[in-house]
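Novice: Join the two chains, each given in its own frame, into one complex according to the hints.
These protein sequences, in sequence, are chains A and B.
Heads up: the first sequence at position 30 corresponds to 245 in the working numbering, and the numbers run straight through without jumps.
Heads up: the second sequence at position 321 corresponds to 359 in the working numbering, and the numbers run straight through without jumps.
Hint data in this document are derived by calculation from the structure and do not stem from the laboratory.
Heads up, some of the hints might be wrong.
[As the list claims (entries may be wrong)] Not everything, but these chain B residues come out facing chain A in the computed CB check (under 8 Å):
(1) 504
(2) 505
(3) 506
(4) 507
(5) 508
(6) 509
(7) 510
(8) 537
(9) 550
(10) 553
(11) 554
(12) 559
(13) 608
Using N, Cα and C, we set each Cβ at its ideal position, and we do this for glycine too.
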Amino acid sequence: MRFIVRTSELVKVVQSLSSVVPSKTTLEILNNILFVLEGNMLKLTATDTEIFQTFNLEVDGVESGAMTVPAKILSSFLREINDEVITFNATGVRISLETKHGKFQISGEGAENFPLNPEVENEVRLEIEPETFKKAVDKVSFAVSTDTLRHALRGVFVEVSPEGVNFVATDGTKLSKYLAKDAKFAGEKSVILPLKALTAILRTMEISESSEFYIAKHHLIWKSENSELYSRIIEEQYPDYKRVIPNDNDKKLTVNVTELASSLRRILILSNSETHQVRMDLTENTLQVITEDAQMGSYGQETIDCNYTNEEMEIGFNATLLLDTLKRIDTLNVTLNLKHPTGAVLLEPENNDEAKDKFLMIAMPIRISSD
Amino acid sequence: MGKIKLLPPNLSNKIAAGEVVERPASIIKELIENSIDSGAKTITITFEDGGKRLIRITDDGCGMTEEDLMMAFQRHATSKIATVDDLMNIRTMGFRGEALASIASVAKIEAKTALQGSTEGHFLRIDGGEIQTSQKVISVPGTTFTIKNLFFNIPARRKFLRSKSAETRHILNVIKKFTIAYPEVSFLVFDESERVLVYPIQTLQERLEEIFGKRTFSTLIPVENKIGEVQITGFVEKPELVRKSFGEQHLLLNKRSVTSRVLNKAVFSAYGSLISKGDYPLFVISLEMPATEFDINVHPAKLEVKFAEEQEIFDAIYKTIREVFTSDMAIPSMHETSLKPAHRTKIKPNQFTLDHQKPFLFKEAPTNKHLESPTFVKPQAPTQSRLNLTENMSDDEFEEEVISKAQEPETPKQVHNSMSGKFWQVHNTYIFSQIKSGLVIIDQHVAHERILYEKALRCFDDFTLPSQKLLFPQTVQLSKEDYLILLEILPWLEKIGFEIKNYGDNSILLEGIPADVRLQDEASILVKMLEFYKENEFKESDVKKNVAASFACHSAIKAGDKLTEDEMRVLVDELFGTEFPYFCPHGRPIVINLSTKELGKKFHRT
Numbered sequence: 216m217r218f219i220v221r222t223s224e225l226v227k228v229v230q231s232l233s234s235v236v237p238s239k240t241t242l243e244i245l246n247n248i249l250f251v252l253e254g255n256m257l258k259l260t261a262t263d264t265e266i267f268q269t270f271n272l273e274v275d276g277v278e279s280g281a282m283t284v285p286a287k288i289l290s291s292f293l294r295e296i297n298d299e300v301i302t303f304n305a306t307g308v309r310i311s312l313e314t315k316h317g318k319f320q321i322s323g324e325g326a327e328n329f330p331l332n333p334e335v336e337n338e339v340r341l342e343i344e345p346e347t348f349k350k351a352v353d354k355v356s357f358a359v360s361t362d363t364l365r366h367a368l369r370g371v372f373v374e375v376s377p378e379g380v381n382f383v384a385t386d387g388t389k390l391s392k393y394l395a396k397d398a399k400f401a402g403e404k405s406v407i408l409p410l411k412a413l414t415a416i417l418r419t420m421e422i423s424e425s426s427e428f429y430i431a432k433h434h435l436i437w438k439s440e441n442s443e444l445y446s447r448i449i450e451e452q453y454p455d456y457k458r459v460i461p462n463d464n465d466k467k468l469t470v471n472v473t474e475l476a477s478s479l480r481r482i483l484i485l486s487n488s489e490t491h492q493v494r495m496d497l498t499e500n501t502l503q504v505i506t507e508d509a510q511m512g513s514y515g516q517e518t519i520d521c522n523y524t525n526e527e528m529e530i531g532f533n534a535t536l537l538l539d540t541l542k543r544i545d546t547l548n549v550t551l552n553l554k555h556p557t558g559a560v561l562l563e564p565e566n567n568d569e570a571k572d573k574f575l576m577i578a579m580p581i582r583i584s585s586d
Numbered sequence: 039m040g041k042i043k044l045l046p047p048n049l050s051n052k053i054a055a056g057e058v059v060e061r062p063a064s065i066i067k068e069l070i071e072n073s074i075d076s077g078a079k080t081i082t083i084t085f086e087d088g089g090k091r092l093i094r095i096t097d098d099g100c101g102m103t104e105e106d107l108m109m110a111f112q113r114h115a116t117s118k119i120a121t122v123d124d125l126m127n128i129r130t131m132g133f134r135g136e137a138l139a140s141i142a143s144v145a146k147i148e149a150k151t152a153l154q155g156s157t158e159g160h161f162l163r164i165d166g167g168e169i170q171t172s173q174k175v176i177s178v179p180g181t182t183f184t185i186k187n188l189f190f191n192i193p194a195r196r197k198f199l200r201s202k203s204a205e206t207r208h209i210l211n212v213i214k215k216f217t218i219a220y221p222e223v224s225f226l227v228f229d230e231s232e233r234v235l236v237y238p239i240q241t242l243q244e245r246l247e248e249i250f251g252k253r254t255f256s257t258l259i260p261v262e263n264k265i266g267e268v269q270i271t272g273f274v275e276k277p278e279l280v281r282k283s284f285g286e287q288h289l290l291l292n293k294r295s296v297t298s299r300v301l302n303k304a305v306f307s308a309y310g311s312l313i314s315k316g317d318y319p320l321f322v323i324s325l326e327m328p329a330t331e332f333d334i335n336v337h338p339a340k341l342e343v344k345f346a347e348e349q350e351i352f353d354a355i356y357k358t359i360r361e362v363f364t365s366d367m368a369i370p371s372m373h374e375t376s377l378k379p380a381h382r383t384k385i386k387p388n389q390f391t392l393d394h395q396k397p398f399l400f401k402e403a404p405t406n407k408h409l410e411s412p413t414f415v416k417p418q419a420p421t422q423s424r425l426n427l428t429e430n431m432s433d434d435e436f437e438e439e440v441i442s443k444a445q446e447p448e449t450p451k452q453v454h455n456s457m458s459g460k461f462w463q464v465h466n467t468y469i470f471s472q473i474k475s476g477l478v479i480i481d482q483h484v485a486h487e488r489i490l491y492e493k494a495l496r497c498f499d500d501f502t503l504p505s506q507k508l509l510f511p512q513t514v515q516l517s518k519e520d521y522l523i524l525l526e527i528l529p530w531l532e533k534i535g536f537e538i539k540n541y542g543d544n545s546i547l548l549e550g551i552p553a554d555v556r557l558q559d560e561a562s563i564l565v566k567m568l569e570f571y572k573e574n575e576f577k578e579s580d581v582k583k584n585v586a587a588s589f590a591c592h593s594a595i596k597a598g599d600k601l602t603e604d605e606m607r608v609l610v611d612e613l614f615g616t617e618f619p620y621f622c623p624h625g626r627p628i629v630i631n632l633s634t635k636e637l638g639k640k641f642h643r644t
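Chain B on its own, in the form it takes in the complex (with noise of 0.2 Å):
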């Protein structure tokens, strides 16, 4: 008897299910696009466990008879396509009609579906392929379906599943790529029973500003062209502030989301030199081209594409976005970057030595590069000018002002030791005090910050710094993805001197805080400290120093704060025994000196 025998369909089922069935992002994907290729206004995603033990996907679209439910979950079954010429032109978004079949075979599967205007429908329940249930219901129009225990029946491939949280992550991943290409579509997302996200009904701009936040949105510049039959829309970043956000590059062919090396060649080769190696600009590149033009169904999955014209698509997306770059938008304006808070954008080397020609200058915050230079702040320099922080004087005051400071260099050293020791704070914000030179203006809160940020660097590669142990462990709940952060940056944090318990379902125990951290609401600046730090991650590439940074900027001391004049001392002691006094660490000064002279000046003394 021959060796050779067709697999039985549940089992080529299984194997077919390998490439469409990669994780629960997978199941995830082929179900929102379903969801979109009926029509649906509304989806409702909800997973539980990383997608592992469930998700469930409901939406207001078309709905099905029950005739179409059971043929759903045959191979190859699909409304989409019919004949070979529907194949040649795609236009939804699920087509090869294996994916029901396929996840059926590998998990515990329901299915609800009436269809619009009709509250009677069709209930399915399928285990490991085998039809279980299938019975008249009452339902609201749509589809829900409902995928539990993935991988129940095949123990080697639930194994290779990762933890919870990458899975997580997975999955937050692939609905963005949808969000981002159907903001027509409302998108509700609840991991367990927390809501994760909820997005309206929006235009892409609205979309695209809650997706990355108001300031990202606002980096970023719209594209718009039509080259025979191919329009071009989306947003690029600014070459000028483009911060490395890998894996927010966006391409999305008749709305689908795709990768193809030849699009992001012809986007990087548009920024060229405007952007370093190693940057990767935050783009949304949608592409809208009849369906012969290209092929998509290069993989099961559906991701990469192939391009008919190749060089032509090419040059059409390095045109418009190279063009947009030209144009007068995009052209680096100091006043803009200065404008901009310095923390939240790093400036690019080309314009760092626009800076450079007026070095004493600070009416521009300084960016982290002068921060980290060495030959710019060293305190051991005496020969830098490195006090002249007076702002808003007139250019040619200033140049006075240089030149006066150029004769008589004062070292932070020298204006600590100068100091009179006597402390006023003004508007329980500022720090006065008199040196040999004039007058010194501390702000309190950055001062405190720079103390704090050096204070952790330096623990960090060192000792464990002490922890206030609390009487009432708080228990703080987060969003998912800022307690993944947290587990991530965990081991800093206690460094630092917090100590958390790890409660498991996305919350924590705090139970003790930094001994330094003026007691108040703890838990609340855990949860500003990861929002900052969120926020911060493409920008500052290093781990601690982003810690270090956002403990810095939530635990001092606030504008506003009252200081006794023994705890003013203290402060002004502790940053004139800091590295670099007269920066935060997002490079806003923090000592203003106002000298003698100038006073005299305005009072028309001289």
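Bound conformation, chain A alone (with noise of 0.2 Å):
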């Protein structure tokens, strides 16, 4: 295999490859990216084993054939290389690289051992805007659940309705859920996108043009321009998140987001280490943040303006997962939907109803110590 081509464009396609390549592996060959030259096109793909993704790059073909090339060497490499032409010549499991100012050498291994790309059945397309994906994407993965012995949450849930497509994630304590007005899909009804997929895929849309989803039996599909990534969905039940979606929270607190979030960073930094936690106290037209921790002696306590008219209460969150959802609200206040202390607060933006897409978060407060 030998080929030429300009530093600037292999180094992008390696760089969003290296994201998928893992980083532990007893599998020594899924370390390496598979280099696979026809003609003038050069096909580069990474795996590990759940995602596949692939790119395709024109280079000035040589000789075609096929080889795997450590991913973290060559990327290391291109990295430390200005834009330049290089010429790539493999022989054996040797690879030769030379540049304008240097020859360099390193060890590749045979292409056989590379696992192929699935194959996969009854793809269906998700019509949806790029734009739109990402936006959903950026907006509910925080939520999504680190446990490694809940596979169902460690996704998010893709779902038809008759609004349109629900993303939705949860890890138990906090939920986020975007519903995409415009997004059409008529496969089955839902699926579990892994997050690793979902990452990789924004990251690659960032150097390519023109996205397109297909879910299929067991994978997801992703295709632009120059690039495919599959990615094998997870196949669990997804707990029945519409059920804890409260519809009966009377009590609107509406605060300006800016202010809020930063005096929760303040408050923070007083609060228990460990529960971060803090009180709202909610009387007419001020919200009271306070935080104590009896145990390091500290005490904190920040009075804001906001808009509520309902009865006072006095409610309890872990003030690290209410900022996280704060950072998702991109209009100027955000309105908290309440019931009682203990219940599920729906968050939504401003004019959530008019707006293009429906976007709400639940956050579950912290029933707070007594004494």
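Specialist: Shown next, in the form of structure tokens:
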């Protein structure tokens, strides 16, 4: 295999693929990227066996062939080279790289043991604007669970509804749901997409045009003009999240997002370092954020103007959790829909009903410690 | 007309029933006895609502003919004795011939039976002593008794039955006695439709291992002796490992579970001063002797036994057990106790003094007693050299270590203050930090365990810890026993920050978890905590401490959990804020100190 390519083009592709290469693996060959040259078309593939990502790159082909190249070395090496023309030449397991200034040699491995792309069945297109997809994943991925024991929660739940397509994520204490109203999907009603695949897609979308999404029996498929990604979907039962979305939370608290967030960040420092427990005291149009850690002897209290006209209420939160949700609100104000101090709290951006898409989050409170 | 009349039979049966049928457990006892007498190899026991609603016992024994079946419900009808001589030579379990009649008079009873080798059997239904149905049926060989609505016709007795959970515990207790006595019989037990116990046909050893658990079984020593016509076999707990196993003293006489003050006294005397007052060693002692040598017919429920030659029996048992204790097997071995995880074994005071001879050596995990001993670990006492937690050093090295430390004692506070403030995590398990005199290594799991343990204990007396509400409350299905335990310790769990709703039917709804616990499979934490609690129930008599330790052990971060530097800092700060930062609640060391001197030595710098 022999070809000539500009490093500025190759480096983007190799770096993008490196994020698919597993950090720890018992299968040595997965540390490598597969290079397959046919004529002038170089096809590069990386996989962790769950996700397969492929790029097509146009090069000056000299001699067709196939080879796998260690991803880490290649990526580090290319990063240190200014935009130049580089010649790849692979014979046996030896790969020679030649630039204007020097000659380098690394060892690769034959292509024959590299896993093959998965076979997919019954792929159905998920019709969604790439920008909308990106936004939906951005808004919900923070809520995806990291609990290795609960596979279903380790992905984003994508579900067709009469209003559009829902993107949902939860870890059991917070939930985020983004409804893409214009999106359409005619296949199976719902599917769980692993976070790692979604992150890889979002990253590649930065360097790739015209995204299309497909969902097959066991796979999510993403295709762009120069790249394809196949990921296994999580075949588990997603919890019945609709049941836990409160619909009768009639106490509305509306408050400026930046003010509340910056107040919480200050208060967080003084809160208990493990529970991050803060209390919000609601009285008419006034919100007090209070924390106290008796053990460390710290205390903090701030008063914020807000819009609240219901009966007085005290409710506890993990400040980190609340801040995580506030970060996803783009509007000036946020509305917290409350019911009682231990019930689920619904967070919505301003004018949620008129917005192009509908976004909401749920934060579970903390039962505050009592004496 | 005379006022004194002969009682009609159904009334006299009801009165007699008071003696035999005290509660559901006593019915089960009578019926299992019958099954065993019939030569059953497999006995299946099902009960509902603590046996109040339903009891069903199915065996694969010899079965009965129609005639036998009808007779069985007559008072003093029994296949087991015919003459007074027979009465003096009882080898079977049931013999008084009153059990079935008594049961039939106070409950709705159905019986189905077929002889071995036959598929044609007989079915009988009796309500409150009256035969309702009697017909031929197709049946598998063996006998099934179904008892429904106990005391339905005696509301006053029904009222005195205890709660479902209490009756269930009684039943399981009765069954346990049989499972110990009859390892050669397979037992299957169902509570409602839930499988509670499944024991295949086993040897005594296998059966006991299953009943008490491998760990407990390994603390037992076999006992065997034959004195005259008395054959003694069984297992007794090693004196140095004795715990408070109240209710686990099992005496079997010709395979029948009995109580006898004489036998009990003999066993306890054999332990003598090897155990302290208030300790209840676990033992299973089985006696085989001619039936003419004792009288078991003291009470209709057949529990108390009287011996013809009390003193001889006493001596036989005393000698047999005493011999085992004085033989090599039971010499308290430092090695053994130190190899076992310390939290499983409570070491007796006499051994405790052994540990004291080398108070600074922590090759053996310190026991709980060390932990609670204020003079031993008090952080304010700077003269105590508490830092020599060095492991895997020879004794020589150790002595030197002790001396060098004695010259520059450091309290936990001093250690904490001299930490560099930088932390490294190794293998996602140990935290390293530099201190003035060298290096400290902290085991992250046990460190967190200590923090949670003390926090839980504090909150029990004082406040309630915050609870993170769960978006998806989890239904947890528990075994009967676990469920009953959970109800017992529920108030303490709530204090720690669990929010639990009782759903009945052995299931609970978990709605909130302690706010400082890492999110993970919450339900499994709870289940593991219960297991832990159970295992330690007899060793740790203080419910609060046991709950706190269970919580700490299973909610703490694990070896292998990656921590950020901030998380490590918080952990270390909190650890040194605890009362005993150097030992986890089970007595395992938390902190190991490696002095620069020691390091220098290893590198041959001096």
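Novice: Starting from the hint list further up, note which numbers the structure goes against and sort them upward.
Specialist: none
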